[in-house]
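Number of protein chains: 6
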Amino acid sequence: MRPSQREPGQLRPVRLTRHYTRHAEGSVLVEFGDTQVICTASVESGVPGFLKGKGQGWLTAEYGMLPRSTGSRMKREAAQGKQSGRTQEIQRLIGRSLRAVVDLGALGERQVLVDCDVIQADGGTRTASITGAFVAVHDALSLLVQRGELTALPIRDHVAAVSVGIWQGLPVLDLDYPEDSDCETDMNVVMTGAGRFIEVQGTAEGVAFDRTEMNQMLDLASAGIARLIELQKAALAG
Amino acid sequence: MRPSQREPGQLRPVRLTRHYTRHAEGSVLVEFGDTQVICTASVESGVPGFLKGKGQGWLTAEYGMLPRSTGSRMKREAAQGKQSGRTQEIQRLIGRSLRAVVDLGALGERQVLVDCDVIQADGGTRTASITGAFVAVHDALSLLVQRGELTALPIRDHVAAVSVGIWQGLPVLDLDYPEDSDCETDMNVVMTGAGRFIEVQGTAEGVAFDRTEMNQMLDLASAGIARLIELQKAALAG
Amino acid sequence: MRPSQREPGQLRPVRLTRHYTRHAEGSVLVEFGDTQVICTASVESGVPGFLKGKGQGWLTAEYGMLPRSTGSRMKREAAQGKQSGRTQEIQRLIGRSLRAVVDLGALGERQVLVDCDVIQADGGTRTASITGAFVAVHDALSLLVQRGELTALPIRDHVAAVSVGIWQGLPVLDLDYPEDSDCETDMNVVMTGAGRFIEVQGTAEGVAFDRTEMNQMLDLASAGIARLIELQKAALAG
Amino acid sequence: MRPSQREPGQLRPVRLTRHYTRHAEGSVLVEFGDTQVICTASVESGVPGFLKGKGQGWLTAEYGMLPRSTGSRMKREAAQGKQSGRTQEIQRLIGRSLRAVVDLGALGERQVLVDCDVIQADGGTRTASITGAFVAVHDALSLLVQRGELTALPIRDHVAAVSVGIWQGLPVLDLDYPEDSDCETDMNVVMTGAGRFIEVQGTAEGVAFDRTEMNQMLDLASAGIARLIELQKAALAG
Amino acid sequence: MRPSQREPGQLRPVRLTRHYTRHAEGSVLVEFGDTQVICTASVESGVPGFLKGKGQGWLTAEYGMLPRSTGSRMKREAAQGKQSGRTQEIQRLIGRSLRAVVDLGALGERQVLVDCDVIQADGGTRTASITGAFVAVHDALSLLVQRGELTALPIRDHVAAVSVGIWQGLPVLDLDYPEDSDCETDMNVVMTGAGRFIEVQGTAEGVAFDRTEMNQMLDLASAGIARLIELQKAALAG
Amino acid sequence: MRPSQREPGQLRPVRLTRHYTRHAEGSVLVEFGDTQVICTASVESGVPGFLKGKGQGWLTAEYGMLPRSTGSRMKREAAQGKQSGRTQEIQRLIGRSLRAVVDLGALGERQVLVDCDVIQADGGTRTASITGAFVAVHDALSLLVQRGELTALPIRDHVAAVSVGIWQGLPVLDLDYPEDSDCETDMNVVMTGAGRFIEVQGTAEGVAFDRTEMNQMLDLASAGIARLIELQKAALAG
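Protein chains in written order, with my numbering: chain A, 2 to 239; chain B, 2 to 239; chain C, 2 to 239; chain D, 2 to 239; chain E, 2 to 239; chain F, 2 to 239.
These are computed hints drawn from the structure, not numbers from a lab. Mixed in with the good hints, there may be bad ones.
Pairs count within a copy or across copies, as identical chains cannot be separated in the list.
As the list claims (entries may be wrong) - Below are the DSS-like pairs computed for lysine-lysine, each with C-alpha atoms no more than 27 Å apart in a straight line:
#1 K55 x K234
#2 K53 x K234
#3 K53 x K76
#4 K83 x K234
#5 K55 x K76
#6 K234 x K76
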């Protein structure tokens, strides 16, 4: 039995609270159980140097954790003077995942800056971030359409993410911290509304996994992400 | 008339929500109107090098703003690789203010790390931080007493802070962002429950102020802080 | 037809040159076609702080590219004052992959430091690095056995890595730079001699991939890695 | 009795030596007793990015201490790779204080860069810096007038600064190091020639101060600054 | 007798391998005995800010050592976040030495970026770097001539470098690591094909040297550099 | 005729003012004409890590320039967050030069920290620094003898430094800024009281120099340094 009493294929309670803070064009609090992340999408005119004059837009993401979002306090990266390798890995993943569904050509010379800041961590902060940030980006770009700055929403599909893993030999969906720190294999999967893969990142620091386990994890992830996308749709309809 | 329709000596609605996140020994969401700051107090054993072996404790504070807590997005300090002068000034102020009421000798060789992270900014983030952080520190140290790690609460008095200023010639209390960005003089005042001053920081980048205005501002601050300390007491009793 | 005239499942010519430089305990030049990486393994006594006194060892990796290993010169990271996110991602991947097959408990309080420096780049530098670094680590730890510092080789299995991708709709093995910069999906796979997965990192910045393509890529990778491990064994026997 | 045998309201001997070094447009050695600071004002064409095209000028300040200006050697900030929070606080204070009396609109698109470097420290380095830097800025801008680059001196009033504090229960003016390191409250006051306040920064790390003490300190500061401004006038007339 | 059995005035075996890697305009592996350095010359259009619009070119150099090019592993400078003073000294020396023989005026608004990366170190890495980098620069600029981008080769003379020193009282040429770490005086000499000096850098951390020893060392260096320039000519003719 | 009307072998007026600031164990203002450098020597117990437990001492140097010590303002290195290559080169040179005459074994586990801060620059700051720092170190170590912490002065000989160069074809001694910025060759020479060489650093960015010029420069330097050492002796006797 999982520590949280969940079924192997059961997500934690997920909540998506739109308009969470008031300044950003898109602002969403996403909760996967006790994991809470504020995702904002800010739209700025102009693009980074390498895209100047190409008539297309860009989207990039940054990620951070409040020092005491975790069980023991982490050092503040701003005070350390640099972002850890883990932080950079995660923010690159969030950026790639969202770019895969945004039509950058239709965006024009604008940049969407996504910020995912973890208020409280209990495993799965990167997958929660992607899932919540999609809604924030959707809100921000809808606002541009509403203001007449864009004629159509430059979003091709939904995107959401979930973790899966092998915990005590059992393939499970959406690992919380107690599971995550005690599992053999951890895989983060990012998929579109059409059920296609954008990212698959599986890692075994403990016991290597075989093809059967790989398939079981992908099945769990596909079902979990389908459910998350339903929840995104409900939030956006709300 | 003030932009917010408030009386000159009227605070914004203030809320102090305890136990806001679950990992920290003390965790408070403080709201001064639309200004929202998460204040956590973490207790660690050990002290910084310059205090080793002196048998006393220490308290230090860090401050940050989420990039889109403000009207236009600020650059993330962790990505910039350093904290701004303003950030350092504020976190030093928060630390000094709290140390003035904590009995560091009675704390033993422990360190209290205060984190103030601004979720949404509308003026007065440093005064809200001090006011909220006091409650978080109170909760954290009460927990040590409750666990038997301390025999008595090593807190000598309350501390709270508020801004005052001269806005269009009028002395006003607790400036919000529209007032703050349009005032001649801005003063941050930190006081104890006994009505004594810990910090007075008045700045005129515009028109210099005279002794009469100084006195008017101190009067407003004294009354405002007395009210804030009542609200702290109510929150701690809640 | 692939730009390099290779069959879809065909590796580039692979060479593993042991004892490439003379100071390191293990030193290997690995070539995957025109991609050339010097992999060294250095053994030091002692472990990082978080492992002190636990009676086990550690292995960590660093990665770099010579500024003109690439078609246009990249800025030197040492002169920039920081390692890029991509560099950190790769060196974390190399470290995790090798730790998965080294018996850190049997290593004792020693640290293996792996350095992978790209002399010439033509795609696949991270997979070549893992494949070559395994041989360097094997040589370094064999030397400890030979010197009597270890009684048995603390290596549980081989590890090697290869990239696979979808290039112009075609699943292909071991992408070179022309394919890599023009493919829809790119996946790096790390596997053991026993045919189990250590890492699977698939990314679609272009067109998302479906489950069938996923399976085709994993099949190519499994066969490719089996062949790479044969080459490692031949090199170690040489 | 004060350690220096001074009366409570007595300044240390103050000297302002103009044209101290030969390259800067304005160069002043300021001495408050044993505290010695070289203040230079450099004029450059152009303004920082945020002021470009606004037709106004800017003034900014930097502050440093020679490593052995103090009783025990401080680490060199250039070698440490960053300026301390204290340094940043002080240089921001110097800049704001001087900007309050310079007519930036009349300055044109020029920037005045003030450097305050402490050669020998004995308390009050920031107040000596402001007092001396005013004379250096006055010299630099007078030179522009003399060269015909400005038609009138863009300075509205004098500015000077002094510290006051409560030392062993006694309100005192212009604290030297032995008093500063042993006082309950320390307040830095910056005032104009017209007797108005630009900055008031009072801090009690020890015993909080009451309104009466506040008033006593402000009285001492007003008298002290009036005397400092007389000395500035004498120096400029010299 | 020297540890390497060489005569006092005998160079180590020197090899210059052109076209060592394939991307750079000039790429040379230089070997002075067991010291091996990859020298590349990259040509970019444009010049640094301080030369913009002056119609001339520039040449600059960077230097690095692979972490395990040495007997015990050195920390990677990119991971440390800065280049050591030694590295900066060496790369400034290489740049000055090459600029002394390149006709920067005839180069046009182009920049030559030289990278010297030490693969294996056994003393004399800076002198090997200069000697090899000259050949790489020659190849890169010859390519510009061949492509019709320059009408004549903007190189005025050869340049090469060698170390000399006093080892156990004996003046010797081209010190290897065992000699270098055990000598009283070490001098690096850079000379042109015409036998003139570009740089002379002699250092005695141990016993200071007299004028006679100075002259003996300069004699050895002159003969050694003449031989190195013959080898450069042979390599370029090859 | 030299711009300063000096003879080719004539030093600028040199002054060595001891006890220039009051906190350091040794504190000297050295002037070579308009070049002014404050040199302090601070003695601390303990040695750097690489010398712990070896029973010997260490001496190290740091160098800086006030931003407006020069004709146009230089950026402050502390604000830039790093020391330039030039700064590092100079401080390494100062350290090596002084270590060559200090008996580190007799110093015990103490460290001498030399700070050379340029107040006003007019060429030759590094040679003035070495010449002045020797006197500061002598004063600092004499104080240890006087206090009974050392039985004898651990200084083996004097050390001083001067620049020489070829200016408009003429070998000259002690270049000032107008000469330095317009010369073909510049050489810094560091010698002992016994007339032996510690450092010779000659550089030709313009026209390479021949052996005859080398000899002429060394002759000028030898005479100049002999004179500087007389001045050191006079100052120490004063």
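Structure-based check of all given hints:
1. K55 x K234: Neither way: K55 and K234 sit 33 Å apart in one copy and 47 Å across, limit 27 Å.
2. K53 x K234: Neither way: K53 and K234 sit 34 Å apart in one copy and 46 Å across, limit 27 Å.
3. K53 x K76: between (37 Å within a copy, 20 Å between copies)
4. K83 x K234: neither (37 Å within a copy, 39 Å between copies)
5. K55 x K76: Only across copies: K55 and K76 sit 24 Å apart there, 40 Å inside one copy, limit 27 Å.
6. K234 x K76: Answer is neither; intra-copy 37 Å and inter-copy 31 Å both fail.
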